[in-house]
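One-letter residues, chain by chain:
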Amino acid sequence: MNKKSLLLLLFIVPISQWAQSQDETKFPKNRIGVQVGLNNLLFKDLVFSPLNYNGQGISGTVFYQRIIKRRNLLTSSVNFSSTIIAAGDISGTRTVNQKFSVELNYLYCLTSIKNRFNFYTGGRLSSHIDNTSFEDGDAITYFNFHGLSLAGRFDYHLNDRHQLISTMKIPIWGNLVRPVQTGWDNEFFEESGLATLYNGEFVFIGNFFRIEWANFYQYKLSKKIDLTFQIDIQYFQTSKPALVKMMKTQVSIGSNLKF
Amino acid sequence: MKNTILFVFIAMICFSCEKAVLGEPEVDTPENNFELLWSDFNENYGLFEAREWNWDSIYMVYRPQVTNQTSDDELWDIFKNMISYLDDSHTFIYSPDVDFFASGSEEDDLVEAEFSLDLLKDKYLENIEDLALTDAENESHVTAKIQDKNIGYIYLSEIEANDEDFMDDVLKKIGQHDAIIFDIRNNTGGDDAIGASIAGRFADGKHLVYTVQTRNGPNHNDFTEPVSYFTEIHGQENYRKPIIILTDKITVSAAETMLFHFKAFDLVSQIGDTTAGDFSDVSMRRFLPNGWQYQYSIMQYLKPSGESLDGIGHIPFIQVRNSISDIEMQEDKVIERAIMFLFDEYGIE
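Line by line, the protein sequences give chains A and B. Note that the numbering used here has the first sequence beginning at 24, numbered continuously upward. Note that the numbering used here has the second sequence beginning at 218, numbered continuously upward.
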């Protein structure tokens, strides 16, 4: 970024923040919502199996969002999905993948253009539990992560009723919990299954890669209620201790209550 | 609205891009299935060193026999021969469409027939009580007393229990006797922690009994640091009188690790046949592109001296084995030898 751009940014951001703060009282500050959806999961984990898996499942999210000072956002959510996957048409490979996550996001409003375009950036503190189990534990693998992410968000108000929101989150540092190549079942079953939730290695991005991209369409049904349609694409990869790749695509519908 | 359509379009692309995301799937050919199986064992099986197996020689022998024209039945036989070489009952291969084969299990039917709990109940035991230790229906656990002797008797067909303190209740029933015969013939193993808890009721102190290392690298001798396991006193009841452990070739896995604990105590003697010699925990289930599945040993258990009993087993103090004709003649020579030993050695009758 050159000096001119930096000066321009330093000038624009405070002005736009001030402009927004004049208008804040028009908006409900809190939003609570529920979403349910269907997902598709592509899965390969060489600790677990050399085969490619895919399958469909269900998902749910409960979230809360609060507009705080100067249009900045504080959001939190709890997410769950359960997906039945199998290795193509190979019989006897039916496996269940379950994901559970909680997250807290703080998003700073960088700028707002005519109240139609809002740009945010910030961070996320999150905990992701991702467990894949074959026949109630005859084979298990997991990809748990607890850490910090960079987050960005873009809002586009088409008009009073229609809004598009796109968010992207990229974890950068945290506790990555993966099984060892072999023998971890001893740890899991005979010592403490709970240890597999947190007993990992603190790593920076590069040792793993996750990206979560969510796109909402929001329809204002009334002053109190919005309807939402959402498409999520999430991709996870690491080579610790052997290659794992997962891509989850999810379509959800839901509703928000504003107050 | 255009943007929404764009998002849906992107999502639909992603739904259909498995190969782009995950890479090409493993091909289902006999040659690739062979390579995957052989390599997985080569990289993760835990007992090549302890048992002095040459896995490369298996490749040299069997790889030329596999072509992409090899039939399923032929490939199954080749895989059976490969894992049969390991003589390790924790290693098996399973095909939903063909069969199940466990390595080192060729003699199991014979050994099963050389033991009869019904014969024991009919001829040798009294005050018999069945123990319900788990929800499994086909397991047999019994406490009793040897007929006309001051000797208690326990039979466990596996080392599993919903309540790991069940042995306190057992000893309240039979702990008054001058000796106990602990029968773990035909015992198929279970949970090492339960075995340690059982043995803790007979412990005379804390002893290092074995160490465990898990294979963790490409070389056959790559292992994690050893984890030490100790025997120590557990529970409310503690029995410090002579104990005879009865074993056979099926006595395996957690039953054998339990025996590590018992053999650390002074008043314990093993009578019967050598145990299976398969100590390691097994891997998770493994998968091949043709739908076959398998598991294998991933650890090595070593005595405090560094010696491995894998492939050897616990050798009894007195070696005695029933034959099928013994059982047909209503005789259990193993328990008879144990009763005689208790009289000869301790004067217990």
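Simulated from the structure, these hints should not be mistaken for laboratory data. Incorrect hints may appear among the rest.
[Claimed, not checked] Calculated lysine-lysine pairs in the DSS-like style (CA-CA distance at most 30 Å, straight line):
| no. | chain 1 | residue 1 | chain 2 | residue 2 |
| --- | --- | --- | --- | --- |
| 1 | A | 268 | B | 236 |
| 2 | B | 520 | B | 480 |
| 3 | B | 389 | B | 550 |
| 4 | B | 480 | A | 263 |
[Stated by the list, open to error] Facing chain B, from chain A, some residues (calculated, C-beta under 10 Å):
| no. | residue |
| --- | --- |
| 5 | 67 |
| 6 | 73 |
| 7 | 75 |
| 8 | 80 |
| 9 | 83 |
| 10 | 86 |
| 11 | 110 |
| 12 | 114 |
| 13 | 116 |
| 14 | 119 |
| 15 | 123 |
| 16 | 153 |
| 17 | 202 |
| 18 | 266 |
[As the list claims (entries may be wrong)] Calculated from the model, a selection of chain A residues having no Cβ within reach of chain B, i.e. all distances over 10 Å:
| no. | residue |
| --- | --- |
| 19 | 65 |
| 20 | 77 |
| 21 | 97 |
| 22 | 100 |
| 23 | 139 |
| 24 | 158 |
| 25 | 203 |
From the three backbone atoms N, C-alpha and C, an ideal C-beta is built for every residue, glycine too.
Each hint tested on the structure:
1. A/268 <-> B/236: holds (12 Å)
2. B/520 <-> B/480: This hinted pair holds, its Cα atoms lying about 11 Å apart.
3. B/389 <-> B/550: Holds: residue 389 of chain B and residue 550 of chain B sit about 28 Å apart, inside 30 Å.
4. B/480 <-> A/263: violated (40 Å)
5. 67: holds (4 Å)
6. 73: holds (5 Å)
7. 75: Since chain B brings a Cβ to about 4 Å from residue 75 of chain A, closer than 10 Å, the hint holds.
8. 80: violated (13 Å)
9. 83: With a closest approach of 18 Å, the residue 83 of chain A hint is violated.
10. 86: Nearest chain B Cβ about 19 Å off; hint violated.
11. 110: With Cβ-Cβ at 7 Å, under 10 Å, it holds.
12. 114: Hint holds; residue 114 of chain A Cβ to chain B Cβ min 6 Å, cut 10 Å.
13. 116: holds (6 Å)
14. 119: Result: violated, 14 Å to nearest chain B Cβ.
15. 123: violated (21 Å)
16. 153: Where the cut-off is 10 Å and the nearest Cβ of chain B is about 16 Å from residue 153 of chain A, the hint is violated.
17. 202: holds (9 Å)
18. 266: With a minimum Cβ separation of about 9 Å from chain B (threshold 10 Å), the hint on residue 266 of chain A holds.
19. 65: With a cut-off of 10 Å, residue 65 of chain A comes too close to chain B, as the shortest Cβ separation is near 5 Å.
20. 77: Non-interface label on residue 77 of chain A violated, nearest chain B Cβ at 6 Å vs cutoff 10 Å.
21. 97: holds (25 Å)
22. 100: Nearest chain B Cβ is 19 Å from residue 100 of chain A, so the label holds.
23. 139: The claim holds: residue 139 of chain A sits with its nearest Cβ about 13 Å from chain B, beyond 10 Å.
24. 158: Residue 158 of chain A not clear of chain B: closest Cβ-Cβ about 7 Å, inside 10 Å.
25. 203: Non-interface label fails for residue 203 of chain A: nearest chain B Cβ at 6 Å, not farther than 10 Å.
The structure fails to meet hints 4, 8, 9, 10, 14, 15, 16, 19, 20, 24 and 25 from the earlier list, while all remaining hints are met.
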